[in-house]
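Chain residues, written in single-letter form:
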Amino acid sequence: WDEPIIFEQSRPGRRGVAVPAAGVPAVELPASVRRAEPPRLPEMSQLHVLRHYVRLSQENLGVDQAIAVGQGTCTMKYSPKVNDRFVNDPRIAELHPLQPEDTVQGVLEIYWRLERMLAEISGMHRVSLQPASGSAAIYANVAMIRAYHASRGEAEQRDQVITTMFSHPSNAACAKAAGYEVITLLPDENGYPDIEALRAAAGPRTAALLITNPEDTGIFNPRIEEFVRIVHEAGGLACYDQANANGLLGVTRAADAGFDLCHFNLHKTFSTPHACGGPAAGASCVSEALAPFLPSPTVEFDGEGYRLDDDRPLSVGKMRPFLGVTPNVVRAYAWIMALGADGLREVAETAVLNNNYLMRKVLDIPGAGAHWDRNRLEQVRYSWQGLFEETGVHSEEIGVRAADFGVHYWTSHHPFLVPEPFTLEPTESYSKEDLDEYATILAHVADEARRDPEFVKGAPYNQTIHKIDPASLDDPKQWSPTWRAYTRKHLT
Amino acid sequence: WDEPIIFEQSRPGRRGVAVPAAGVPAVELPASVRRAEPPRLPEMSQLHVLRHYVRLSQENLGVDQAIAVGQGTCTMKYSPKVNDRFVNDPRIAELHPLQPEDTVQGVLEIYWRLERMLAEISGMHRVSLQPASGSAAIYANVAMIRAYHASRGEAEQRDQVITTMFSHPSNAACAKAAGYEVITLLPDENGYPDIEALRAAAGPRTAALLITNPEDTGIFNPRIEEFVRIVHEAGGLACYDQANANGLLGVTRAADAGFDLCHFNLHKTFSTPHACGGPAAGASCVSEALAPFLPSPTVEFDGEGYRLDDDRPLSVGKMRPFLGVTPNVVRAYAWIMALGADGLREVAETAVLNNNYLMRKVLDIPGAGAHWDRNRLEQVRYSWQGLFEETGVHSEEIGVRAADFGVHYWTSHHPFLVPEPFTLEPTESYSKEDLDEYATILAHVADEARRDPEFVKGAPYNQTIHKIDPASLDDPKQWSPTWRAYTRKHLT
Amino acid sequence: MTHPYIPNAEPGVRAEMLAAVGAASVEDLYADIPEGLRLRRPLDLPAPLASEQELVAHMRALLARNVDTTQVLSFLGHGCYPHHVPAVCDEVNGRSEFLTAYAGEPYEDHGRFQAIFEYVSMMAELLEMDVVNVPTYDGHQAAGTAIRMAARYTGRSRALVSGAVSADRMSKLRDFLGHDIDLVVAPVGPDGEIGEVEIDETYAAIYLETPNVYGVVETRGRELADLAHAAGALLVVSADPISLGVLAPPASYGADIACGDIQSLGMHQNYGGGQAGYIATRDEERLVAEFPSRLFGIAPTTVPGEYGFGDVFYDRTSFALREEGKEWVGTAAALWGITAGVYLALMGPQGMREIGETILARTRYAMDRLAEAGATVPHSGSVHFREFTIEVPSCDALLAVLREHGILGGVRLDDRTLLVCVTELHSKDDIDRLAAAVREGLA
Amino acid sequence: MTHPYIPNAEPGVRAEMLAAVGAASVEDLYADIPEGLRLRRPLDLPAPLASEQELVAHMRALLARNVDTTQVLSFLGHGCYPHHVPAVCDEVNGRSEFLTAYAGEPYEDHGRFQAIFEYVSMMAELLEMDVVNVPTYDGHQAAGTAIRMAARYTGRSRALVSGAVSADRMSKLRDFLGHDIDLVVAPVGPDGEIGEVEIDETYAAIYLETPNVYGVVETRGRELADLAHAAGALLVVSADPISLGVLAPPASYGADIACGDIQSLGMHQNYGGGQAGYIATRDEERLVAEFPSRLFGIAPTTVPGEYGFGDVFYDRTSFALREEGKEWVGTAAALWGITAGVYLALMGPQGMREIGETILARTRYAMDRLAEAGATVPHSGSVHFREFTIEVPSCDALLAVLREHGILGGVRLDDRTLLVCVTELHSKDDIDRLAAAVREGLA
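Chains as they are written, first to last, in this note's numbering: chain A, 184 to 675; chain B, 184 to 675; chain C, 972 to 1414; chain D, 972 to 1414.
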């Protein structure tokens, strides 16, 4: 489709939906609060609004369309359709969050039961499902860390948080946003976070270690228990970023390595859909010692019914409005119920096997590599450095060209400590045939890059649009973050 | 997508959905009824089945995707999304048709109210919503015609049905299937059905006239009342095919022209979706004299509640299982309720205006024509005869090439009395801008045909697949109406 | 207000378009309709609910007056069956590309052609037959057409019809066939199967159902096929495809035409709106020629290895030949065919076997429990699939007691005979609950 | 059984793949995890409901224990609002291309970029501001970030926060800002608006909400903007976009940053799961630099006239800079942004005006009726949008009476203060029904 911007399809007088008239006397607004000019929104009939968005949707690739193994760290797994049905039921969709508890026993039971299941999966004591995302869960964990130290009179003293370079950037960013100084450990020559650097950093100013494991490289840090111990000995807390727990379900648990806190992303490991970037949902899991600091309210069960507890004096308070991102809580609950303990274990094992299988295929492609010759769990951060040196084609360009074949990848987070990176995470959802196809496409594009680098650099050729000139996006004089800005800067 | 046949994606042992075990003792089947070999169905995981069909869906064009004015006679209008919500509600979707009447008062009320509304729209006395489609409604009408004559002892004598060449082929076919001899009137030199031929045909053997008006050409027969009178005088019944009533809502009614029966297609005029070719729904509307013959059961209202009446000795009986295609009955009801009398009239007027506007645009294209210089209502059967004579490009080829631009048409029904036909029916759903775009594409393709006929004949170029070689489809040795047949004939 | 469904009702654009066609008003465009036929008053219809919100409120109030089978425990079957509908079935048939498309060409609607081709192909595997039609309306229509096909094929006009079919289907067959085909009804044996029958060279077909209206699985298919064939007639068998993971497909015992309803394969009950019919034969030109329905076939394209699709033997149809075609063809139930394909692909051979086994076992379990509860269970020595009858002193009295327990106990076939339907959706607990209520109702 | 969600759990393929990677078992691949950390028992979880049918039955039983707002008459608001959700909104956000996609590039995910760009562009028109972010989590987060942006922009660490905000939002602001920004709470005047306030050069911002927690529309925005600007501070205004078809947008009276929640624009209540936050500013480089969120911009491609999209000023973000970025960015609520765009496109300027007028009128009508029914209605001289408080002898007692009438009467702010929410969904009859029940409850 060559679908215009929606404003270009407007014709005055048309409308997509009608609004009931008040049926009661109108209110005259004082001039100070009355809108002067009607907003310049598009005016379109209902079919035309629908058609526009349906066409745009067809210009997008989700898990249900493509082999989405290319968004490593994102755990792009199948989100069962049946779970959407529960969420769309009015008895979830049309519940108000402040209804009396006796009218929401079903949804409270789901919250409660999911909390208990995640507690078992993490080995932790209590879980909050309030955080709106993985990053929000990290922030909630940091807030609890601060509250914990404050309760011990050490809030001022403990002003540093330690993290690692291959931990998700939100660990550093959330700690900073919460006012902490951030110390980042680089990998040692083996690809593991540098334990000596940790020893040097840990001390009386240490509030916590925030660490992902396996890191975004897919490498599991076998000394993780020692990391925790070092931080504990310094009086800090250990907080485990389990956004990517997909290879570990039923295999190892945060609590078993001594962590005080961890978090999960329900939209990764527990299959709730990514929704173009949210709504997501996070789960903050804590040890008994940290439980008093959990966000409020918590869901409590007295053996007969479920109720909300808001009377929690040590709580960090509200992380977001109301109890949580309920649709995703419902989906995650249903997903775990469909799998059970054996199923979760099978998820983990298959995710790891799929990843190792794909790794074999990818590393067979000339020009592709992976730093550090280590085992990988559920994902691998690869590098096209070899190919780049040979052809001058960047990883990003390879990815764009791969999109011409209906698959894609993203180039992961800055900084590119791994040069020309790409991170693949096949999860348990894809078949061997999918992985073969994916690797075949990458091999094909790498071969193209070798034979005709300019061709690959000119991609895409088989997409809705052609190669974008990004220059204007960083130039304040030209950038146009809205059509309104574009019209002003470029069309008048 | 280059999506393989589903059997090619099978891998033994996989499955898309699990079935609960019996949980009670198994039954041993005698060999005479036990299946010997498992069926060779595909074996795929759930995501892969879903992905396959989602990709296929993206290779299809519905009203929600494209400007679907090219399926003339089909009334491809917008089917409001909100109406689907009602149908998907368990209180429709999970109703069993033989539930006690007191548990289905809501759905019976919908049937009753829709019947009353269609009676008003047609001017008829009673309406049956049982027929599964427009053709089934024609058949039901023919069955009632036979029962009517039988009740008067004239069943044997009246063994002929008269129809016209531009009435939908199902009129002729259903009458024939019901055992009637079919007499077909050709158009006169003005494009109207030949009234003299009717006079010649009508007589003691005439059971009924089955006639569409406006015919598939879009031309309204102004002598329709006289047609009815001639048939009535011969002792026959007059039955109006109102499959395409979209230009007539609130403008003129079947009863007002003296018809005894008529039918509507809920999936055309009343907006229920076409669903790739059904489920559809038909409505058979009859005068008071024909009402005793309606299919059973009927819905009756006693002022307090609704009940089903199956005790109707003159009824033609069952046309299909149960009461009707309920989802479409619900949608049609909601659609009329959203529009009301003024809205229906506006639908009709806009459909006619849209058609006349598009006609101007199309007839401006060199090589395009329309037989008979008459007013048109809601559709026009055009002809590319001029273009064909100039270029040798057939209408079908123009349509295929137009599909490369995201629109299409079909070449209408045999026989091609209008040479190189194409029939456009823009309905009320499309905007002026849509009609302009459609006409522009046709003009562009016609121009291509003039400049490079072979290029147009080679189309499509921008579709999932390329030009099909149809030779095998009519050859019993080669045809493969299933993968099983294909495998046997072509792969072994 | 410009109605959201009618973009060109906006007065400005309307005026522009009228000007373009050179009309002063839309009335001009209706000039051909004589004044005497014109309706010069507004239609007498309820006031419109123009805002979607009001429409939703209105419909919600109507729907609230229904009680559906997720709210009560229903054992109703008799032609419309409660089976689990996998969410993926709903997801696919709800995709607007399928829901709102119609009759495009094999290029821009390649997806529809492929999906339907795959549906017929999966049915073909289940049925062990090579030719399966694009769905017709329902099982009634499929049965009627199948018998008519046999009549055309043999050039005869008499058919033996099993007496173990529903009254509704018999009504449909009489209406659809009765005017030119002589229908002879076969007796029902004490075991619930078709009884002893004889035919001669005037018969076009024997028509059999299995499981039949009593849920009894017919065991003498081979014998009937031989009987039919000896007389130069065809055996037509109506079979529910959901049974064919465990039951022998009609072709395996010699049936010439198979037919039936596919509502069981992924369609909700829809108050009877989820029906669709299939017809299948072997790949014999003369038999294929008798299909009125469309048949989709696979065909090569100009690109080697690429598949396209098209109509097989189009010149049989009424689209091509009007009254000279076979019966008629038109919009029927394509989307349900696509859906049934999704269902079969999800289930696979294992799933079809398992669901068959589960239904067989639970049906038998229910028969045993209800017998224990005091009901008389006829034909209890026969194999039943999904349905069985019980005989009780008064159906009405029993059903009333069951209603008090939130149970819809079955379909009343006559004053004393109740037809009970058990599927994979009925757990052992559900059946035990029914049995307990029946015991109370018969006490 | 191979689980339907895990294709490669099938033993044959698993063995093949293990062979390909040269591992004897998956255990080999876990070699890096020390034995001490290994969980050598199965997780203690409920038995799985492996068949979809059993899962559906289980979930259906849980959902049956909820009573939703289509089943009762609810006047609950206080941050989550019942508005009509057009079916097209659900249709679009249910499309699996949007629902299951994530973070693809601007090519294969062109649709997502365009849809979100259009959302921010429509919000920009509504807000009369040129820069709007890709949605953040919710209105709480948006408010917190907006104040933090003002602090960074001004280099100051104190903010004046209206006292007329909800306790929950205040809790969030204290948690999110309290550790390094001094929050001074402004008094509430007798009219329910923000009271008299003063600030000095240490203040980064004045934070105002309109309509505020009491549903009162603040009328002194211009005055507060002048006050803020005179001190070199910014005015941050949280406004519900559904009010902006009739109410003046914050920018029009001088606000520097607008923020709020977009749940009203097409999201179901979702038990609080439908929230998403917006932040908007003028197009000033220094202000734009302070956004933590992603901003999507339009950009040319190699084909003249073709539009593409990309990230504006990406190097502000934590994706680019980790802790040196502005706060953090991550998965938030993009799909709700797309949905809000669909909503605004359906409504258009007329719809937004009409819905605003309807809500204003019905809110006032409800205030009048409840006053007549005997409730004390504070701030009754002020303009209210959608919410207002009533004062009664006992909220609990009144709510209990209303429950008996199938009414959820409002949110209890304290023992004697009830917050009542009225939207376009509440008909005159609904309001009259509430008034009658309140009269009874207060009698």
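Calculated directly from the structure, the hints in this document are not laboratory data. For glycine and all other residues, C-beta sits at the position ideal for the given N, C-alpha and C. Keep in mind that a hint or two might mislead.
[As the list claims (entries may be wrong)] Footprint (simulated), chain A over chain D, 3 or more residues, beta carbon under 8 Å: (1) 1008–1018; (2) 1076–1087; (3) 1208–1217.
Now the hints, each set against the structure:
Counting residues of the region 1008–1018 of chain D whose CB falls under 8 Å from any CB of chain A gives 9; the rule of at least 3 is met. By the rule of at least three residues with a Cβ nearer than 8 Å to a Cβ of chain A, the coverage given for the region 1076–1087 of chain D holds, with 11 such residues. Check result for the region 1208–1217 of chain D against chain A: holds, 3 residues qualifying (beta carbon to beta carbon below 8 Å, three or more required).
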